[in-house]
Amino acid sequence: MEVFKKKEGLGVKRAVISWLGLIVVLTSIFSLNTDEVYAAYSPNNVESNVQSNWSSKFGNKLQEQRTGQKLVYDVYHNKFTRGGFSIASRNFGNGQQGYANFQGWAVLQGYKRHTSSNNATYIVARKVIGTSGLGTVKIYRADSYGNLSASEDLEYNNLGSGIYNECPADAVKKDNQLDCNMRYDDVGFNAYLPVNELFPNPNESASWVLFLVKRVDNQIVWTPLILPFQFDNSQYSKGYISLDSGIDPSWLKMIADSVIRRLYPRQPVDTIATKYFTPYQLYRSLTVDESETAIWYGVQTPEDGNETRWGNTAYFDFTGKQALLSYRSNYRPPANSSCPAPVLPADRYSYQVDLEVTRIDGKTVDKGAQTQTKVDVRRNSFTNERQKARQAIQNDINTRSTKKNTLISQLATMRNQETQITKDLENAQNNHDFESANTLLNALTAKRQEIANTECHINTLQTEIDHYQRELDRLSSLEGVNSDLSTTVNLKFGNKVKGTQSVVLSEGQSQSLTFDWILTDSGNVEADINPNRTPFHNKSEVTFSNNVRATPIYVNSKYTPNACARPGESSSAEGIVRTVNSKESGQQIFREYVTTDLIIPDEHLKRRAGFGFDYTILTHYINQDSVSNGQGPSKVVSYMPDLVNYMPYTKKTWSSTTNNLKLTGYEVPIETTSTSGNTKDSWKTWKQPQKYVEEFSGNVFTSLSHPKRNSNETILDGGRKWYLSFEQPDGDYIFNSLVPNVGVNKMNTCVQGVIDVEGSIVGDPNGNDDFIKRSVSPENPFPQGTGWNWLNQTTKITSLADWYNNWISDPKQVSVNNYFKTFYLSPEKLEEIRQFSKERDYKIILGDSLFKSVQIPSK
Amino acid sequence: MSKLTLGAFFFLVLLFFAIFTSSFEYISIADSDNETSVENATRNAMTQAINLGNARVNEEITINEDIAVEAIVRQYADSSDFFEGERYVNIYRISERAPMIAVDSYTVINTPFNDMASRITKKQAPNESITRSREIVIYESKALTK
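Heads up: the protein sequence lines correspond to chains A and B, in order. Going left to right, the first sequence walks through residues 160 to 1018 as the working numbering numbers them. Going left to right, the second sequence walks through residues 2 to 147 as the working numbering numbers them.
For the record, the hints were derived by calculation from the structure and aren't laboratory data. A portion of the hints provided could be inaccurate.
Said to hold, decoys possible - Per the computed footprint, the stretches of chain A lying under chain B, defined by three or more beta-carbons under 8 Å from a beta-carbon of chain B, are:
#1 763-770
#2 850-864
#3 1002-1013
What the hints assert, rightly or not - Covered stretches of chain B (in silico footprint by chain A; criterion: 3 or more residues with CB under 8 Å from a CB of chain A, positions within the stretch not fixed):
#4 3-11
#5 40-48
#6 54-66
#7 71-84
#8 89-98
#9 104-112
Claimed, not checked - Each computed SDA-like pair below joins lysine to any residue, with the alpha-carbon atoms no more than 20 Å apart:
#10 A:765 to B:144
#11 A:955 to B:109
#12 A:932 to B:61
#13 A:971 to B:111
#14 A:932 to B:147
#15 A:811 to A:821
#16 A:932 to B:49
#17 A:1002 to B:143
#18 A:932 to B:67
#19 A:997 to B:83
#20 A:955 to B:97
#21 A:1018 to B:49
#22 B:143 to A:952
#23 A:1011 to B:29
#24 A:1011 to B:66
Cβ atoms here follow ideal geometry from the backbone N, Cα and C, with glycine treated the same way.
Please take these sequences and the hints and turn them into a complete structure.
Right under this line is the structure:
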């Protein structure tokens, strides 16, 4: 059934009206965007009968006009609001608020004339998706809008301006074709749905299904609001607000017969062939014309090869789902208590510094002399502790990194699940499967909570990782700044600082310091590292108990025995060389020992006057200190009571500096004859210097170049003996030997030797001698036995018998061949000889021979 | 004649006796001096010739040969106090080890009796008197073994 007819001459007029309408609309839009208070209008100002009866009568386009429940409406797609709807900020007396705002028109076609005062449009919303308040219904009154009139669009047999067969003003429930055409003035509406009421919780995603309610006087008819368009979403709060009727609302169902398939909107009937849309067939809406009140839809028309053909909204039923006003929050819930809070413990490792005096020694020296104290210091290493801490920290990091990666993987899965839930939710929403939608919404909320918790957990782990990484960084930083530490070491003696040295120590490094200072007395010497107990980069040493180390130090003893050791006894002395206090060995005391013995061969214990005797001084020196420069005996002197010619010694007295011991005698430095062992355990033997003895004179020398040496004399090897005087009286011959200044302590040992002098080799007045001078006869030279020196030589005597018993007849004729020597001595010669002897004091000196001075004939 | 002769005879006898006696005494003195001198010279020379150095070192008595020779001569001269006649001092042997000195000495002197006898007999016989002394001195260890 075709109700529109072309109006002649209306083209220009319509264009003018359209422009004027556009200006009005723009002005209206402009005014809508202001903050002006619309005192007369409020969306919440809904009459009580509407509130109570809005759902009493159902209506739609399929209703007969005479029922008064044929509810025809459009929501404009772009006519006043680009994109169909927007979130507009308005103040309708309740302060500035946001409103979902869209425009349209609605009529109860055939019920009654619509005037500016008797009709109103309402939007009813019922909450269908959300986490609270499901089923809540809110009713908002739409503002009238734009003096829009649908009279011409709904007019049957429209012949132009004016209403064909217009119904009386009070006519009710009239069909425009069967009865009369009614006026539908001021049927535009401008809906404002307060989003802060509908979506008070910015975190709650919710959907409200919308109904359109039309009241004309007391006739109140409702119908599901269906939008044939895809409206653009509007950003709102933490998400967006959408208004739509499902996935594809553009399918329109032709609900009338004989609706002409126009080539353009409002095409006059007489210009087209009478080709109709197929009743109850679905056509896809391709474009719309919103230039007048009613919307014309250009639909894809299979009957015309899918060309676009136009039809009025009154003949198309919207096939989309009931419109949903939805708010989808991107709200991500904060993590709840299932998210562990970061555990950020204090640094598990506090950088440790420990300086230590590991060793100190005290070297014995002379009082007032310079001593040298060696101090070993060390910076203890805590590398292992740090490595353990570092490993523990790294383990913590690794554990958390692994956990974090697992959670990240799980998070990706969760997000995929979230996406899927969101899609499912969207599908459920589009299908108006609100039960599933709510289930999915809860699932989405739970998933987002799970994601939030996971993200939180990841953040917790990252926070902890960062924390531990910073702990590592701090540890590395501390290692860097503390790689070399400078401090000082004081050496104290008797609470007085004797020296200070600087030292730079890296971890685990040891250094040896040497202090030279004057030792004034025995006492304790101590070393103190970091004496001011200064922290290093705000780190105090872990302990100061090992910063100080002390050890005794001694002035050398110069020990001297009170008396020399008797024969057969040893003379011993000992002294402390050095003390060491070390970390490894504790207190150590190193000593030195010297032991001196005097050894006289048994056969020399008893001597004849004039003989020599041999003795050996045996010294044994032990020094326990491997680094001591203390030496064993370097000198031994014997103090002898007298001398024989030509011993080059002088009489001296040695006095001890520590006691009353005095040794007097001819001081004879004796010589080392053998050394064994090493410097720390040395044995030495000492003997008299080598002696040279003139064979005849018996003079004893220590040097062959002595000025008193007689070159005519034969020199005998006198050995290393000390020779007694031939006049040495009987009795003890006592001498002392001193081993002086031994070792660091300058110790003295002394041994005494005693020789029993008894008789002489010959001519002892007491007959205590070994040889006897006597005359012998060749016949019986040894009547009482032969002395040992004549054994095997007796023929020297017995062979003299002939000579002994027979004279020569003439002494002048003596044969010199038979004699060893012959001398003829006249009385004058005898006198010369006597004079020679007298001049030499009757002494006979080898080399000063008589025969050089006095010529004596042999016969 | 007889008395005068006898008196002359007795005078001659007495003169002969006197000459003989004085000559004998003269020889005795010379011999005694020689003997004493030899003994002293030998013994003292033995003592003077001891090698003291050897005694120190080897603890054995030895003598120095040269010293012994000179000591014998000098000791002989010092010991002799009869200043008549000629002396022949002969060192027969010296041993340094074992120490031994063997010396003899001859004294030759002219006596009045010899002069007289030579004039009476008209013979060219020597008118000298000869004495001899000899001495062997040793140092011997008291011990038979060393």
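Residue 1002 (chain A) paired with residue 143 (chain B) [C-alpha distance capped at 20 Å]: Not OK: residue 1002 (chain A) and residue 143 (chain B) at ~28 Å, beyond 20 Å, violated.
Hint consistency between residue 997 (chain A) and residue 83 (chain B) [alpha-carbon to alpha-carbon, up to 20 Å]: Since the Cα atoms of residue 997 (chain A) and residue 83 (chain B) sit roughly 18 Å apart, the hinted pair holds (cutoff 20 Å).
20 Å limit on alpha-carbon distance, applied to hinted pair residue 811 (chain A) and residue 821 (chain A): holds, 10 Å
Stated coverage of the segment 89-98 of chain B by chain A [criterion: 3+ residues, CB within 8 Å]: With 9 residues in contact (Cβ-Cβ under 8 Å with chain A), the coverage given for the segment 89-98 of chain B holds.
Given coverage of the segment 40-48 of chain B by chain A, tested with a Cβ cutoff of 8 Å and a minimum of 3 residues: It holds, with 5 qualifying residues against the three required.
Hint consistency between residue 1011 (chain A) and residue 29 (chain B) [alpha-carbon to alpha-carbon, up to 20 Å]: The hint is violated at about 34 Å.
Coverage of the segment 54-66 of chain B by chain A (three or more Cβ within 8 Å): With 10 residues close enough to chain A, the hint holds.
Pairwise hint evaluation, residue 952 (chain A) against residue 143 (chain B), where the allowed Cα distance is 20 Å at most: holds, 16 Å
Per-stretch coverage check for the segment 71-84 of chain B, three Cβ contacts closer than 8 Å to chain A: It holds, with 9 qualifying residues against the three required.
20 Å Cα cutoff - pair residue 955 (chain A), residue 109 (chain B): violated, 29 Å
Agreement of residue 1018 (chain A) and residue 49 (chain B) with the hint, judged by alpha carbon distance not exceeding 20 Å: violated, 25 Å
20 Å limit on alpha-carbon distance, applied to hinted pair residue 932 (chain A) and residue 67 (chain B): Holds: residue 932 (chain A) and residue 67 (chain B) sit about 19 Å apart, inside 20 Å.
The structure fails hints 4, 11, 17, 21, 23 (numbered hints given earlier, in ascending order).
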